[in-house]
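Assemble the dimeric complex from its two separately framed chains, guided by the hints.
For reference, the chains in residue letters:
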Amino acid sequence: MASTPPRAAGRGWAITLAAVVVTLLLLAAISPVYRDFFRGERDLYQGASFANFSGHLEYDRRVLHDFSWGAWFWNGDKAMGMPRFGEILNRPIYPVHLLAVALLPTITAWHWINVLHVIAAVAGLVVLGRHLGWPAWLAVLAAVGTMASHEALAHFSDVIDLAAAAWVPWQLWLTLKVLERPAWGRWDALWILCAALRFVGSNPNRVLYYEVLVFAFVVSFGWGRLRVEIPKLAARYALALMLAAPLLIPAFAHFAESARTHFMQFDDWHMRRAYKWTVYFMTPADAARLLSPPAVWIAVVVAVIVVGGRVGPLTCALGGYLVFVVLHTLRNAPLWFLMAVLPGVRIPQKSFEPIDWLVVLALVETAWLGLAKTSRALPRVALVGLVVAGVAASAFMLPDDPRRGYILPRWTRPLPERLAAAIRAEPRAPVLLATAPERTADTAQPVLNSNHHFFLGIPSARFFGDVPTYAFMRATYRVPGLLHIQRSPTALGEWEEMADLYAALGIRWAIWDGVAEPQHPRLRAAGEEQGFRLYEILDARPLVYATPALRSVERPAAPRGAVELVFGLPADGPFCYGCPAAPAEAAAAPAASLSWRWAPGAVSAEVDSARGTYIVLGETSSRGWHATVDGVAAPIYQANEMFQAVWVGPGRHHVAWNFREPGFFIGLAVMAAAGGVVAWLFVRRPGTA
Amino acid sequence: MRLALLAVLLLLAPPAAAQAIREVPIPHALFPSGLTVAPDGTVLIADRLGDQLIGFAPDSQRFTRVELEKNTQPRAVAVDGGGGVWLANSGMGRVDRLNPPGRVKPGDEPIDQFTLPSQRGSRTMLAPWALALPPAHDVLWFTVDSGLIGRLPTATPRVRRGSPLAVQETKVGSSADRLYGIAAGPGVAWAAAAGSDQLIRITETGDITRVALGAGSRPRSVAVGADGVVWAALYGRRQLARVDPRSLEVTAWALPSGERAVPAALAVDGAGAVWIADMGGDAIVRFEPARQRFTSLSIPTRGARVQALAVDARGRLWYVGAVSRRLGVVE
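Heads up: the sequence lines are chains A and B, in that order. Position one of the first sequence corresponds to residue 1 (my numbering), numbered consecutively onward. Position one of the second sequence corresponds to residue 1001 (my numbering), numbered consecutively onward.
With the rest of the complex left out, here is chain B (with noise of 0.2 Å):
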């Protein structure tokens, strides 16, 4: 009777409806595509074709911009528990690191690079993708639109500019396999092959095991919560899908937006809710996983095209708009 009377109350409950979204339009981007929050609660923005790092900084509303160097088309950003941020330069073939002011000795470059083993040598320049670092920020993990998963220590020491040395690259598939999104958990590493509709979990001793989600179900984005469940946006069935860690079972439950979304980017709240940015639906939805129920918020800017979504500490769900090039926020 209690248990029943508490589905009800869960049921009746009022949604996320308290809820609301505010944007800001974000200077001088051109198409921004990457968004973290770093620990001090500024939210970094990663410009791919503007080739700059912008910063928001949520108390001031105030936002800065760092150059970066030219064609480095940064496509995502990480921060890491020492304040280095990490970004995934997609025209460079390489990750960098720009460390925090404190890591920098006179007369040091503030930036590491680090170029893949395979760019080496080769004719064609290989895009790191997607950027993740497991709770402990431990090590970075990203994928590599060639088929490659590249995982590096964050406390790689500063390395002489290009050095490939620190990063650890594993083949698991072709460009075919078109790995986007990347999650980490402790050990391991979740890459959505949307290619070959499947999740890849790799560890960090190089086991790699495949998880297929159905023909055309197009896995973009990944996210790992803190129970270790992982979660999967399905772009091409329109669905969002869990699997267990464990028995690698998979569930999947179909957007609230039916034909017209397209799930492109996950986060996982600290409530243990799952955000999804749905590109075709011009929504930003969340979904309990207890009452397996979605709710979802409409974006002010039609076609903004979000593709990154960051949780900050207070719980708010920042996401950015690639072609309405605005930072938006959900309260």
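So here's chain A without its partners, still in its complex pose (with noise of 0.2 Å):
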């Protein structure tokens, strides 16, 4: 292939750069949704509450600016605490987000990390059109249409579909790139380094459709030469794994005792469906929408006849993938079970995402065929027209109003910062958040919730999320306040009633978001601020505790068994599974003394007892913690399904459990391995394959 002469390559760069300006100024120009969007007067993203991703921000700017090896494996702050790299959807590792947080204040950065992926979609979008021989103002239509469209608008609904995207036009532009280069070289190595930087930093089910997109382009655009590029994509995505060995290893062994791996066996849990794969599969309404706007699908089809039926390979490749996707979400069709064997992955849906929004580009390409083919005026005047036509309808014709729809005002109500630091001030116990007074979908009524506690500093004892680690759902699926709904708010008639069991629990707290009191002898008004009220649940268990003696149950195997135990502590006290009965005598001896002290993944207690006693850790069971008593290697009993509990004799004892993540180490030796063959690629010189 013929090299661009420096000066031609640098002007061809800066009319690049000139179209994509163009296109912000022209997505801002058309899209209240944009314009709302760069100038911050809209953030709250529909469908994640203000805080989804800005409140694990905050986590990763204290992790950064307040580090130790505890905070980083081990999010204490959450869900009675969970191993930080066991919920990638957190992205713990993305580049973008620790290069934001270590250089701004949480909200600014978060606030600039979605910009910086719109650009980067942008931009993506016009390299790929430019690289494509499309002239600029065609390829600043098509990112225009393509970014305007309602299903890149629904990016917004999570600011990980904004992530997942927005590399993908790169990715695309890359695979051109490594298509057009025989050998291994420096194209190959940034193809290795965006695939690893989306990998860490978006949706898994986002990825896994857009790697089927990434192969339909090296299928059609390598039409010929597959027997050395399908290798040579499996290398490049072997060395992008190991690049990202540091998340994906963890995350793997998390995997294993995620909610995710198990959640076929919470039969009477309502959400279960939202997680089986098989209730997925394409309904007329699916397809409505698959084919919407229906004036741009038309615009394809209409573009390809005039013509003359030719199609070029971007749309060849798009063409593939929609017929994956048939192949995939039909029932009983040859693809449907495609990934099952990712269980509590909702995949199939999730599939038309990326012909949503790039259908736009098949338009372009198609009129591009026909334009640099034809000097006649008619078909010309036709083609130019219909990319026009097109553009509107993928800009005007969105289900949702773009004046309020896809991004919704920001929060503006003040935190309880004064009730914080009375929790603060307290012995670290966890906190009941996300109340209000009645349950209606976040979107509709953004309360207090269980993300804003990062801001506050205090730990929540609710998971708000995707999927929790097995124990804790085990322990809270039918808890109120805890997972029970867990995308709304906890009404006062269900969490109040609680109280019992939340002191049995370890929660010392609840933030009460609305106007009616509480009415339950355990709580207690502690303080009020900005609407917001502070109740006490008296007796609390502290956060680590005594106990001479542990109920020694059998493991029930279904989640239900494991419920009726846990709803039965108030009553029944604590239980464990496995572990020895303790002495007889330890029941009657006089109270054990234990003084405690926790950080984020190493806890440490210092015990006296008379006859030996357990000692009971309200933080998580995980694989990746350890125990000691004195220095010696303690067994970890799992103590009311989702707590941790470790047996001390008598006399005085010091505990220590410390957490370590599995195979972060090993990923890091593993990234630093393919680093070095990335690098290499990087400098080597053409030809020396």
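Possibly wrong hints are sitting among the right ones.
[What the hints assert, rightly or not] A few chain A residues facing chain B, derived, Cβ under 8 Å:
hint, residue
1, Ala516
2, Gln519
3, Leu523
[To be verified] Some chain A residues close to chain B (C-beta under 7 Å, calculated; not the full set):
hint, residue
4, Pro32
5, Phe266
6, Asp268
7, Arg478
8, Asp500
9, Ala503
10, Val515
11, Ala571
12, Gly573
If you are wondering where the hints come from, they were derived from the structure by calculation, not from laboratory data. Keep in mind it's a predicted model, so treat the numbers as computed, not measured. We put the CB at the ideal spot given by N, CA and C, even for glycine.
Structure follows, in structure tokens:
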């Protein structure tokens, strides 16, 4: 392939840059969504309350500014503690996040991260279009039509989707670049880096489908040399996965103990349906959505007819992907079962997404094929008209009102900082949040939720996110306020009656975001601020406590059995699985004296007991926890379904719990090895394969 | 003289000391919060977080279970004269009727679902909370947490799934009013509005009267005696209140456990005595209106959190501990 003269290349990049700027200006001009988004007037992303990810960013900021390996690995502020790498949707090592929160205040960082991803997507689309030979004005139209479409705006519904989509056009462009060069080189290195960046910064659901699209691109653009390109593609993926190993190895280790892996056991969990892949298949409504807006699809078909039935490779790739989607989402179609090997991952419905926003590219490519081949005015005008009509349809035929939909007004209510300070002044104890007068969807009525606590610096008892750990899920899936209706606020009538159970689980505080007063003997009003009221749950178990005897019970195979044990905690006391019975005299002995110290992933206790005692740590048991008694490794018993107990003999002892992420350092070594290969690819001269 | 002697005898008469409490654990229950006794003597328990209806046959001492639809969260249960079992499904925004076998034709669903009209098109899940039947059992009254009182003839014909047509609802307040308990007399129902410290009387024609019980009284439960007298458990003031249905005059008595008292549930027995579940004092308290005297029985399980009481045809008082998950009877 002939190389481009440097001056021409520079001019080409300048035009591309100008096209990116024009695209962004056009988007801001025609779309209220982008206009308000850039200005920061609306940024509460629909479907994921304001703090859904900004809360985790705040946690990341705290980790970076006050680093400890314990805090890096163990997020003790969420859901009674959970592995930070166990919830990869929060992208614990995404460099964009880490860099932004290292430099900026969290909310500012959060806004600019999202702006960056929009700009990245726009730039990638323009670069891709220019690489395909489209003139700048056509690349601009393609990018505007794509980014203004419903599905691109729907990326705002979950900021992780925004990030997942942002790098896809770049990945497709890099795919074209590597296909143009049979030898390994720096474009392969960049391709691998881009893929790794996407793997650590994206929603895995999205990534899996985008990789199918990348594969379709390789097949379409590399047709005729697939025998070479497919192994190269596999090798690039292998290196990209190795670069992401510090995330992926721990994530897979925790996947086994995630509720995702076991969700089918929760046959009395009302949300099980959401994670059961067999309930997802294409319905007429899905098909209508896939072909929405119809004007774009009609424009594509008419354009293909106008150009004499010819289609370009990009359109072929998208068409191939469309075939895959159909085979994947039609009930009992050959590929319907694909990816069912990943339990608890809601796959099929999301496969529509790439087509929904990238279809405009097929229209533009087809039009450009015609424009490049014919000089006759009528077809040219018709093709340009089709592109303009398609882009306009994409931008304006939106199912939601762009003045009010997609992104919502900012959260402006002051947070209860003084109440949080009162909580922090007491020994560490989890807090119940996400309460509200009524059970409304979080899009309808944003309430103080279980991610605001990251900003308040208080630990949350509630899980807010996708799916928690298996132990937490088994213990809490029927407990109102903790997981029961995980995306809705918990109404007063639901949580007040749980005070006894909360106390048994060590939840000492509840922040009430409503007008009426709770009625429970254990609840003591402890303060009010900005409409939020703080209640203390009296006699709640401390985070670390000594109990001479745990009821040793058989671990129920079904979650329902575990729930019955958990609901019995207030009346029957704590229990454990497989723990040896304490000596009879231990129960009759005077209470042990105990002091404890908590740090993320590192808890220690000094205990003095006459006859021996169990020490219970009220943080979720998980792979990665290790305990020692006087420096000697000690077994950890699963207590109260999700907590951890250690037995200490009579006398004075030092107990320590430490959490180390399994596989992280191995992942770092793997990443270093892959990084060396990628660096070598980047610096090696072409033609030395 | 004769009256004075009678009064002395009444004062010296042995109280309910002869009465004893017996408890039995409810197998597989999570948070039983509703209770009633069916005409055949079966004790029915609504397990809110277990999504189940539990039956207990006192004669055989056996429990039976009916698993309900997931997330129905039955908060209260009542049985009408025809044997229909009514559930306040706080998780689904509706009341359900489980029809007795004789009322179900082959192939029919045994459950009728009555969705609240307000639930249609609402993004908020409304929660029916308490149920009440008047002596004639002809109308089901219920409270809803968002300030509604619902009414439904018990003889409502079988309806299509989820039909809201049969339910009449009256907006009497908001979620801040915290409508808890409800009790019904002939043609009238009384609801306890804990958030606004009042009882709300509503007639079948929709006329509403509000009875102020004093700031901080927090009425939680309400019961109507055979004589029409209305009783309310004042959670905030730790008192039992009597409301004259005609004059609406309010009289109140402090519960015997003093500062620990947390009156939660009420029932009136055939003799006109008022039974109170004292959540804080872990006691079942009996109040004799004639002598204005309390008798207290300790609940064997500490922290039982009794939320529902029911009197059976033999005059026995049944209670259910939501936290202890035990069914108790005072005999």
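Right, here's what the structure says about each hint:
| no. | hint | in the structure |
| --- | --- | --- |
| 1 | Ala516 | holds, 4 Å |
| 2 | Gln519 | holds, 5 Å |
| 3 | Leu523 | violated, 11 Å |
| 4 | Pro32 | violated, 23 Å |
| 5 | Phe266 | violated, 10 Å |
| 6 | Asp268 | holds, 6 Å |
| 7 | Arg478 | holds, 5 Å |
| 8 | Asp500 | holds, 5 Å |
| 9 | Ala503 | violated, 10 Å |
| 10 | Val515 | holds, 4 Å |
| 11 | Ala571 | holds, 5 Å |
| 12 | Gly573 | violated, 11 Å |
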